[in-house]
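Using the sequences provided together with the hints, build the complete structure.
Number of protein chains: 2
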Amino acid sequence: MELVKEYPISKRFPELPLLSAANAKKHPDLIPFAFGHPAKESFDISLLSDSAVSALQLDGPRALQYSGGAGPDHVVNWIQQRSKHVSIIVETQNILVTAGSMQAIDLATRTLTDPGDHVWVEAPTFFGAIRQFSLAEVKISSIPMDQNGLMTDELERKLKEAVKDNAPIPKFIYVMPNYHNPTGVCLSIERRKKLAELAYEYNFYILEDDAYVELSFSGEKLPSIYSFGPKRVIYLSTFSKTIAPGIRMGWALADDEVIIQRMKMLKSDGSTSVFVQEIISHFLADVKFEYHMKRINDLYCARKDAMINAVKECFGEEVAFTEPEGGFFLWLSFPKEVNTSEFASAALSRGVSFIESKFFYVDRAETNHIRLSFTFTNEEDIQKGVKRIAESYYQCKKSIEVLNGV
Amino acid sequence: MELVKEYPISKRFPELPLLSAANAKKHPDLIPFAFGHPAKESFDISLLSDSAVSALQLDGPRALQYSGGAGPDHVVNWIQQRSKHVSIIVETQNILVTAGSMQAIDLATRTLTDPGDHVWVEAPTFFGAIRQFSLAEVKISSIPMDQNGLMTDELERKLKEAVKDNAPIPKFIYVMPNYHNPTGVCLSIERRKKLAELAYEYNFYILEDDAYVELSFSGEKLPSIYSFGPKRVIYLSTFSKTIAPGIRMGWALADDEVIIQRMKMLKSDGSTSVFVQEIISHFLADVKFEYHMKRINDLYCARKDAMINAVKECFGEEVAFTEPEGGFFLWLSFPKEVNTSEFASAALSRGVSFIESKFFYVDRAETNHIRLSFTFTNEEDIQKGVKRIAESYYQCKKSIEVLNGV
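So the protein lines, in turn, are chains H and P. Residue 894 is where the first sequence starts when you use my numbering, and the numbers rise one by one after that. Residue 894 is where the second sequence starts when you use my numbering, and the numbers rise one by one after that.
There could be a bad hint or two in this list.
For chains that are exact copies, the list does not tell them apart, and a pair is met inside one copy or across any two.
[Said to hold, decoys possible] Straight-line distance between alpha carbons at most 25 Å, and here's what the computed DSS-like set of lysine-lysine pairs gives:
#	residue 1	residue 2
1	K904	K1032
2	K1157	K919
3	K1114	K1124
4	K1124	K1087
5	K1291	K904
Source of the hints: derived by calculation from the structure; they are not laboratory data. Small disclaimer: the values here were computed from a predicted structure and weren't measured.
If you want it as structure tokens, here you go:
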């Protein structure tokens, strides 16, 4: 047994980039703008604790089995009702509760595509989604966006071109319509309609990732893309930003029940923890959800304001941004020639983390932006953190100027 | 938008058999021997409830985030210590906590294989595993077993033949060494050694699914296959049979860290719920695990005895079985010419469910056995349920004899 041979594992694993911020934990006093964590103040710990006790004491024997008591049904009913807020009418059997919405992205991708198929995304887009698409061995291309979201004219041009050239049409397009990660912008209502029309015309699906929809500072919501074209949309959302990420609960819904059944078939963790679903069912029954979200959104809006003030103070005209009306992120654009990776590690050493723009582009095309999360950190630390970024940036700029003899 | 085109979803979905027992819920007074559910009496609801409250109140803000407090580390440390009982020495970074052990089977399969690769299983084997292998698009063949588990002589013969014929060697062999599902038998220690040797010699992995290891009525445990060949085994186990299935928590461990990292990469639900891990960490710290398992095993042993007595009483010499020394299942063998599917639905109408043997064979080769779970049902119902099976069986036998003019 001494000699161990070479063993070839699956060829499915692509080279995946490691975020620079993954090393961020090392600093003793780190201000973490890198990751999209909710504020600890957003958690209703006392109600969750009561819910856990109720779930166990009222229906423990069923909540602990493979398939549970009434909890999972209550959760799905809640999702069905809540979906009406974005003009979605859906039957409960068309809703699949998943272990977070990333799992829903994975299941939807493997249900809609085979390796080698094409998927189009927004540029920039969420790096976690790029990661799932890469693992599903699909080919990824991107469509530009502006302050009104995905540029549907550009999309239509590219689709026409593909048809003309006999090139592949995407199996689906991945879109975040509300408080987009990383840019924070919303897709305009005209473009939502246009996108649904194009999906029917060119026969592709839209993977509508609506993780941030409840994080609207004004409380207003636009109708979903799904509402304009239910037969070509898989709609995803999550409790990670509204209740807590640690419960690992999101959902997918689709008008075509076959899609949902196939996603379920790939879901090797079985029903998403019936124990947690039972707890969340009690939580949802007892929470005043509108009030709960208003409290969270007021907190986040104040933090967003603090961040914008700090950015204005520290950077003046040096950076540009679209002020987000919800969500988790501020997207700062530096002058075109800047490569934000050049001061990311200097910033980490000063005790602040962010994510550089290259990670949000499939082709790593744009390097002059950074994504800052404003939700996790209190206002004092936001002030301090932005200052640390500015120090790192200006020091880096100075050394480049010295090097270039400016 | 009126005309919706045909949309081709992924080709990855095989035809999967629907268990007859899936209809079982319809009977108002059903005795469910079909599914491998633990007894409700096995759950320590009061300690789980205390653990949930402690987890939330002592470290709620971290237990609810994407990555948690100390809970996940405690769980992994516990697994590391407990693995010593089956002679496994492993570093904590080589342990991956999964959302149930079925997820671990899925992740391991996709890490080790590409579509078209070969996987060998025991005949019979767990239908859930067959399902995962089919979804991973591998080719499945089987090796016979007897009352000492997988027949390693037969395996060696088949491997030699494959080499001689230049036919494919399996990428891995799936084995349940303890209280095998469905047969209830254990793999002998000599065969464990032999299996590990063959894995090194022929360069395949062993997926050692040890879901039932703690369900030993005597409390004794054999050393794992892993202990004889750590470089060619991925070892899996679960809390589903010891704490509760509803918490959805299992694990995989491997000597090769690359395997674990790749499995993690495919795990699209992120870290298995840190909230639940925090709760289980408190549970494990407070439970008297040996006492807890003894209580469960005493309960199950009594139920197993009740089932065997009922079988003897109702069937006499008509059926054969190996008496299980642990686990969840009794495997009844009828005369060779019997097709147990022929009385499965009659039994369902009489209010008892079981799983017919065809579902446990890749090629559906043997039809004369049934799997009965003895853990979920109390002794009175066990008596009643076995009687219902006997009535269904003898009635079926009689009508066949009438038909054949016997």
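Q: Any hints from earlier that this structure breaks? Give me their numbers in increasing order, please.
A: 5
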